[in-house]
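In terms of the numbering used here, the sequence shown has 946 at position 274, counting the first letter as 1, and numbering is strictly consecutive.
The set of hints was computed from the structure by calculation and includes no laboratory data.
Mixed in with the good hints there might be a few duds.
[As the list claims (entries may be wrong)] Okay, derived cross-link-like pairs now, DMTMM-like style, lysine to aspartate or glutamate, Cα gap no bigger than 25 Å in a straight line: (1) Lys1112 <-> Glu902; (2) Lys964 <-> Asp992; (3) Lys964 <-> Glu1080; (4) Lys964 <-> Glu902; (5) Lys1033 <-> Asp992; (6) Lys1069 <-> Glu1021; (7) Lys871 <-> Glu894; (8) Lys907 <-> Asp768; (9) Lys964 <-> Asp844; (10) Lys778 <-> Asp768; (11) Lys1039 <-> Glu1080; (12) Lys927 <-> Glu902; (13) Lys871 <-> Asp844; (14) Lys907 <-> Glu1059; (15) Lys1039 <-> Asp897; (16) Lys927 <-> Asp897; (17) Lys1069 <-> Glu1080; (18) Lys1033 <-> Glu1059; (19) Lys964 <-> Glu1013; (20) Lys979 <-> Asp897; (21) Lys1039 <-> Glu1061; (22) Lys964 <-> Glu894; (23) Lys1112 <-> Glu1021; (24) Lys927 <-> Asp1120; (25) Lys871 <-> Asp897; (26) Lys1069 <-> Glu1017; (27) Lys1051 <-> Asp951; (28) Lys1033 <-> Asp1115.
Given the structure is predicted, the values throughout are model-derived calculations rather than measurements.
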Amino acid sequence: MAAGAAAGHGGEDRLNGLHDDLLHQIISHLPFTDAARTSVLASPWRHLWRSTPLAIDDAHLPVPARATSAVTGFLADHPGPFVTVRLRHCRLASLDPNWPRLLAGKGTQELALHNKDGKVHPYPARLPAEILRCASLRCLSLAFWVFPGGGDIILPQLRVLELINIYISKEDLRSLLASSPVLHTLTVRGAFWNYQKRKRFHLRSQSLRCVVLGLSGVEHFEVTDAPVLESLILKEQPAAGCDDGGRINIACTPKLRILGYLEPRVHTLQIAGNVIRSDTVASPSVVVPGLKILALRVNFRVLREVKMLASFLRCFPNIDTLHIESALHDPSAIHYGVTREQHAELWQEASALKCSISHLKRMVFHKFRGHPNEIEFLKFIATDAHELESLLLVPLKGSFTSAAQVNEIIDKLDCPQFLAWASKVLIVSPKMDIARNLHKASDLSINDPFCY
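Construct the entire structure; sequences and hints are all you get.
Take a look at the structure:
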């Protein structure tokens, strides 16, 4: 932009005649490198960049500049506050050593620090401790760091925290949560290390409302004493052939209303310390009455998994939305050969045991294949879900060439209850891939994170 561009027709300087508040808005929407350059347009512009809250994203830097101290120069020259700082591409080790102090001392509100070098080194660098004393932080995203243990943590305004591939001890995790009194959303994904042979992730918080976990290598996840937790989402599938995805223990979570994806093949579920088994009978000690949305991933060709599905349903008697994803595992790793008659008998027993789906209003069946065992489950739903308003079938890509094929299967269900469902069953293109669209899972404004 040249200085002459500020002049309008007849030489009138219309741009410089705008109010400073509007000019600040214009500058705030520019890439930070261009925003800094506005100070050379004309003398009235010299103070504008420095008085506009700074937003830095190193993606706006040319690649050669990401290995220099250019970012540190912007941080040093601007007095703050820093609204957003995203350092996800530059080599942080090449920056001036003062960059953590500058971030902590100039009112940074949203910060993303992804240690690029940590992706290739077996032991990432230690996170600068000053970052954890940035009292103005509201959102923090950290990736590929060793957590600095033992120091003071001062994060009184932190609301959203994302940890990606972080080395952290259980004591430091506990201290981090305790030092973030208004934290409402926690996302943890990638590998998680805590310096112990048994990989445990114990979560306790008085403020957390949403937890999204995409972890590997965790043997035992426990959430206790979380009085306002509303949503617990497990994002990643275990590797093929893995038969032990860890124990999940839920206790003292009276407001929990969203849970999934649970997998009977790999997850051992505990409720208040009670292990849920295929023969578990519903009782106050193993029931989560407030849960409204449940998502499960089940292989309908494995009777043990289907029995656990029935048992899980007994533990959540008041769900109104059920997501089922039909999983197909490696045939060489598990026993196939369960007959349709065995599944029909199982669901007859579940119905007699009052397998609680009486309040179910909506069901989404992801990766529907039309397998006879899946059909038996749908017949059970049609028989016992008296308040069901809609059934959404999302066929596995390649399973059906047209919705007419699915409708043909439904017509042959030999289940009178389906006749009343004619207007409730909807076939959706598998291109929607609803079950995997969880990148907004931590958005508390979304009522159903498994389907939007």
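Verification of the supplied hints:
Straight-line distance between C-alpha atoms of lysine 1112 and glutamate 902 comes to about 15 Å, which keeps the hinted pair within the 25 Å bound. Distance restraint check for lysine 964 and aspartate 992: the Cα-Cα separation of roughly 5 Å lies within the 25 Å cut-off, and the hinted pair is therefore satisfied. Distance restraint check for lysine 964 and glutamate 1080: the Cα-Cα separation of roughly 32 Å exceeds the 25 Å cut-off, and the hinted pair is therefore not satisfied. Only pairs whose Cα atoms come within 25 Å are accepted, and lysine 964 paired with glutamate 902 is accepted, the gap being roughly 10 Å.
Of the supplied pair hints, the one linking lysine 1033 and aspartate 992 holds, its CA atoms being roughly 5 Å apart against a limit of 25 Å. At roughly 33 Å between alpha-carbon atoms, lysine 1069 and glutamate 1021 are farther apart than 25 Å, so this suggested pair is violated. For a cut-off of 25 Å, the pair hint linking lysine 871 to glutamate 894 stands: about 11 Å separates their Cα positions. The hinted pair formed by lysine 907 and aspartate 768 fails the criterion: a straight-line CA distance of about 37 Å is larger than 25 Å.
Between lysine 964 and aspartate 844 the alpha-carbon distance is near 33 Å, which puts this suggested pair outside the 25 Å criterion. Restraint check for lysine 778 and aspartate 768: satisfied, since their Cα atoms lie roughly 16 Å apart, inside the 25 Å limit. Using a Cα cut-off of 25 Å, the hinted pair lysine 1039 and glutamate 1080 holds, with the two alpha carbons roughly 17 Å apart. Taking the CA atoms of lysine 927 and glutamate 902, the gap is near 5 Å; set against the 25 Å cutoff, the hint holds.
A C-alpha spacing of about 15 Å is found between lysine 871 and aspartate 844, which places the hinted pair at or below 25 Å, so the restraint holds. The straight-line distance between the Cα atoms of lysine 907 and glutamate 1059 is roughly 29 Å, outside the 25 Å bound, and the hint therefore fails. Of the pairs offered as hints, the one joining lysine 1039 and aspartate 897 is violated, with about 35 Å between alpha carbons and a cut-off of 25 Å exceeded. A distance of roughly 11 Å separates the Cα atoms of lysine 927 and aspartate 897; the hinted pair therefore holds under the 25 Å criterion.
For the suggested pair lysine 1069 and glutamate 1080, the alpha carbons sit about 18 Å apart, so the restraint of at most 25 Å is met. A hinted pair counts as satisfied when its Cα atoms are at most 25 Å apart, and lysine 1033 with glutamate 1059 qualifies at roughly 5 Å. A C-alpha spacing of about 31 Å is found between lysine 964 and glutamate 1013, which places the hinted pair above 25 Å, so the restraint is violated. Restraint check for lysine 979 and aspartate 897: not satisfied, since their Cα atoms lie roughly 30 Å apart, outside the 25 Å limit.
The straight-line distance between the Cα atoms of lysine 1039 and glutamate 1061 is roughly 21 Å, inside the 25 Å bound, and the hint therefore holds. Distance check on the hinted pair: lysine 964 and glutamate 894 sit about 20 Å apart at the alpha-carbon level, within 25 Å; holds. This hinted pair does not check out: lysine 1112 and glutamate 1021 have alpha carbons roughly 38 Å apart, beyond 25 Å. With a C-alpha separation of about 15 Å, the suggested pair lysine 927 and aspartate 1120 falls inside the 25 Å cut-off, and the hint holds.
For the given pair, lysine 871 sits about 20 Å from aspartate 897 by alpha-carbon distance, which is consistent with the 25 Å threshold. Distance restraint check for lysine 1069 and glutamate 1017: the Cα-Cα separation of roughly 30 Å exceeds the 25 Å cut-off, and the hinted pair is therefore not satisfied. Taking the CA atoms of lysine 1051 and aspartate 951, the gap is near 22 Å; set against the 25 Å cutoff, the hint holds. About 23 Å separates the Cα atoms of lysine 1033 and aspartate 1115, which keeps this hinted pair within 25 Å; it holds.
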